[in-house]
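Q: Single-letter residue listing:
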Amino acid sequence: MAIEPASTTRSWLRPVDAASLAAFRIGFGALLLVATLRYFAHGWIAEYFLLPTHFFKYWGFEWVRPFPGAWMYVHFGLMALSALGIAFGYRYRLSVVSFGLLFCYQHLIDETNYLNHYYLVACLCLLLACLPLSSVWSLDARREPNCGRARLPAWMLWALRAQFALVYVFGGLAKLNRDWLVDAQPLGIWLARHQDLPWVGGWLARPGAAQLMSWAGALFDLSIVPLLLMRRTRPYAYVLVVAFHLTTARLFSIGLFPYFMLCGSLLFLAPDWPRRLLAGLGIRLRAAGDAVSAAEARASERWLRPALGAYFALQLVVPLRHWAYPGNMLWTEQGFRFSWNVMLMEKDGAVDFRVVERGTGQTFHVSPRDYFTAYQTAMMAPQADLVLQAAQVVARDYRARGVREPAVYADAFASLNGRPMQRLIDPRVDLAQERDGLAAKTWILPLKSDSPARGAELTENLE
Amino acid sequence: MRYFSEKVGPLIELEKHFQVQPRARAWRWLLLGCAALSAAAQGVVGCAPEPLPDGDRRMALQGTTERVIMPTHHELRERARELSALLDELASDPATADLAATRQAYLDVRGPLEEAEAFAFGPAEDLNTFKSIDSAPVDTAKIDAELTSDVELSATQVSKLGTNKRGLHAIEYLLFPADDAELEAALLADDVSGERRRQFASAAGQLVASAARELELAWQPEKGDFARRFTEPGAPDSVDATVQAGLDTLLNQTVVVSEVLANVKLGKPLGADTGGKVDAALQESGRAQASLSDMLGNLRGVRNIYRGTRDDERVTSLSTLVHAKSPAADVHALDALDEAEVALRDLPEPLDDALTEAPEKVQQAYDAVKQLKRVLATEVLSTLGASLTFSDNDGD
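Protein sequence lines correspond, in order, to chains V and C. Following our numbering, the numbering of the first sequence begins with 1 at its first residue and continues without gaps. Following our numbering, the numbering of the second sequence begins with 1001 at its first residue and continues without gaps.
Treat each hint with caution, since some may be false.
To be verified - Subject to a maximum C-alpha distance of 27 Å in a straight line, what follows is the list of computed DSS-like cross-link-like pairs (lysine-lysine): (1) C/K1361 / C/K1268; (2) V/K448 / C/K1325; (3) V/K347 / C/K1325; (4) V/K347 / V/K448.
Said to hold, decoys possible - Each pair of labels, with its calculated beta carbon distance range: (5) C/N1128 / V/L50: 39 to 49 Å; (6) V/L78 / C/P1236: 56 to 66 Å; (7) C/D1353 / V/L176: 52 to 62 Å; (8) C/D1338 / V/D426: 20 to 30 Å; (9) V/R369 / C/D1338: 43 to 53 Å; (10) V/A313 / C/D1056: 23 to 33 Å; (11) C/A1235 / V/A310: 10 to 20 Å; (12) V/E62 / C/N1128: 16 to 26 Å; (13) C/K1142 / V/R369: 33 to 43 Å; (14) C/A1235 / V/R143: 25 to 35 Å; (15) C/D1056 / V/E434: 42 to 52 Å; (16) C/P1137 / V/V34: 23 to 33 Å.
Hints were generated in silico from the structure; no laboratory data involved. These figures come from a predicted structure and were not determined experimentally. We put the CB at the ideal spot given by N, CA and C, even for glycine.
Just need the whole structure built from these sequences, with the hints factored in.
A: This is the structure in structure tokens:
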């Protein structure tokens, strides 16, 4: 049934070797398995889902709750099984859809757990659910040889390449700011932490190192996609990719992010690279089936255009939405998430609440630690929208305790990229009356210093 | 959808070129490059750090441990031993015992103990030292029940009681009977009741001395060797993989102590969380009228860790590290420490009087300590790139 279309009129439907897509599926599934097992190994399931009594909700997903007791362990166990299913290509669609849903559910439970690479995983799961990546080198292809395809339409490869390209390009664009390029922050702070590294520690602590690495990092992010796409530069570019991500993996606590990117960057190599690599090692794998038929390809085109168009249009717009908000994005964090703002800031905060009963004026000083874990508190304090959520948790609690019309004010302070701390939120605004949403948060106070270097010279007026 | 045909289309055309077999030389380059980089990275990543010339951060970690942590633990052990000896004397010969000296010995233990709270990690957590020595409040009804029972009041027996029935605050309950002359008389009474009180105090004192000794030894080479394991990161038995992780631990504990000082030790009796309902009974050392000196001890501990010394000399420390990156942040931290200390010293003693006579001054002290916590938790942490290490989860 699978007949090679002699000449596909559309180049984006032209079949390409499915080997690199299969290799990506195997690598991605393996990384997902490791990522899931780390939750068991580090005790994060209890720490993030069972110990907290209150959670920070994503707008529109307030209904998402952790499962009680052992059920969260079951949840992660199912994620691990699904990740295995993806890697081995066993009931692939079911595996990738179930992993995606389970992963997104746990990720949506608490906003303090947001990480850029978790968002990347969610995006990739969505794409993978649309792509038959188990067409080769999978248990599915072995089980049902008729479904095996040695070649798949080129758009499938390009869809995944585009996803990784977005991470690099927007990550690079986000670095085109004064903190990064002029003041070499936050790298200046982070690199100095590694003074005791053998051989390179002394060099890393020098101010020039941060400056050099800041520029190199931005240049890398902005140029690596075209360098990977061009045949002449591709081998050197991939060596650069390996060097870059291994360095970031060593220097920064960013978990599996570098490995996801290393895995994804392999998609930019020639589609048959795994087959030729194995052949070079004397291993020849039998490919099941041949290529997607012209009829299949055209059938997929009917839904492909609008779906992919809408998805990538959204992917282009979402990271740019911060321009719709006033102020420094790193300070306000409006439009910060889901935008590939990777490794851009060292921001620490401290917050306390004042609850005032309107009728009597009676004031209660409230520590967020009365409601949230230490980890949640540390994550929440420098993020204004999460401080708002915390204030509303406090307001609800005081209402339940019988305090009529509690007004909740935040004494929230933060320090961004080495600047002196300053108030993040207007202390006169009753956060119990504010509502979260997409509108600009006018109660976030503007960042006083546009430069960490200038900010560091300030020695007065901490507020 | 023209976007796809016009923009993506040409890109996909590139794929035709990509499908051309790359030259073998390019493949060799790629594989060799990756292998070389992996090997180099493993060399940097995997090997235990080689001995390096002492960088500032390593010097700060070692210096703070040698100049602050270990001497404070030693002083705590010595003071606890002295208190225990005096309580033993009181138990064995109440007629000649110097009750005033014993009470002063109790107060003298609290100084280094409160300072040591600023570095209550590692062995202090493993040995449960502070819970064992300084649990507050104690359950006085249960202590009274033990006193009136006929259970033997040896150190072994008392150690089996919950931490809220022994430790320094149990001794405080017995040694400092507030204004109740009967209780003081009971302590010195030449009868079974008095004897059991003195036995209980003596047993509790022995346990405090034992816990302080265990804590000091855990940092010494002959037992736990924690000081070496803490200050020489990267070795197989080291506490941390990097020097910075050790500094993060120091810094984090100063934030925790500042928060406890503000929210619990000052905030609770001030009624900060109860709408201003002052409750002097919620202070830590009310009977001994040592609440303010306890708080000053905590603050001294934070300052010592930050400045890397117990005296005024300028040494390589967290302070100098912060200063090197941001002089302003260091000035803010030192100012915040000074202002918190001035505000606490400005309170009339004891805290009971301050709470009733000058609650506005207690509020000022509360605000000053809060400000200290904010500066440490934001500017200082941020300048050193430290994180509040409540979790080992990934970033970004």
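Q: Falls inside 25 to 35 Å, the C-beta gap from C/A1235 to V/R143?
A: 51 Å, violated
Q: Honestly, do C/D1353 and V/L176 meet the 52 to 62 Å range at C-beta?
A: 60 Å, holds
Q: Between V/K347 and V/K448, does the CA-CA distance stay at or below 27 Å?
A: This hinted pair holds, its Cα atoms lying about 15 Å apart.
Q: 56 to 66 Å was suggested as the range; check whether the CB atoms of V/L78 and C/P1236 agree with it.
A: For V/L78 and C/P1236 the Cβ distance comes to about 37 Å; the hint is violated.
Q: Mind checking the hinted window 16 to 26 Å against the Cβ distance between V/E62 and C/N1128?
A: Violated, since V/E62 and C/N1128 (Cβ atoms, about 40 Å apart) do not stay within the stated range.
Q: Note whether the CB distance of C/A1235 and V/A310 lies within 10 to 20 Å or breaks it.
A: The hinted range 10 to 20 Å is violated for C/A1235 and V/A310, with Cβ atoms some 55 Å apart.
Q: Just tell me: holds or violated, for the beta carbon distance of C/D1338 and V/D426 against 20 to 30 Å?
A: 29 Å, holds
Q: Are the Cα positions of C/K1361 and C/K1268 separated by 27 Å at most?
A: 15 Å, holds
Q: Look at the Cβ atoms of V/A313 and C/D1056 and judge whether their distance stays inside 23 to 33 Å.
A: 51 Å, violated
Q: Between V/K448 and C/K1325, is the straight-line Cα distance small enough, at 27 Å or below?
A: Holds: V/K448 and C/K1325 sit about 20 Å apart, inside 27 Å.
Q: Cβ-Cβ distance between C/K1142 and V/R369: within 33 to 43 Å?
A: 28 Å, violated
Q: Does the hinted range 43 to 53 Å hold for V/R369 and C/D1338 at CB?
A: Violated, since V/R369 and C/D1338 (Cβ atoms, about 26 Å apart) do not stay within the stated range.
Of the numbered hints listed earlier, those contradicted by the structure are 5, 6, 9, 10, 11, 12, 13, 14 and 16.
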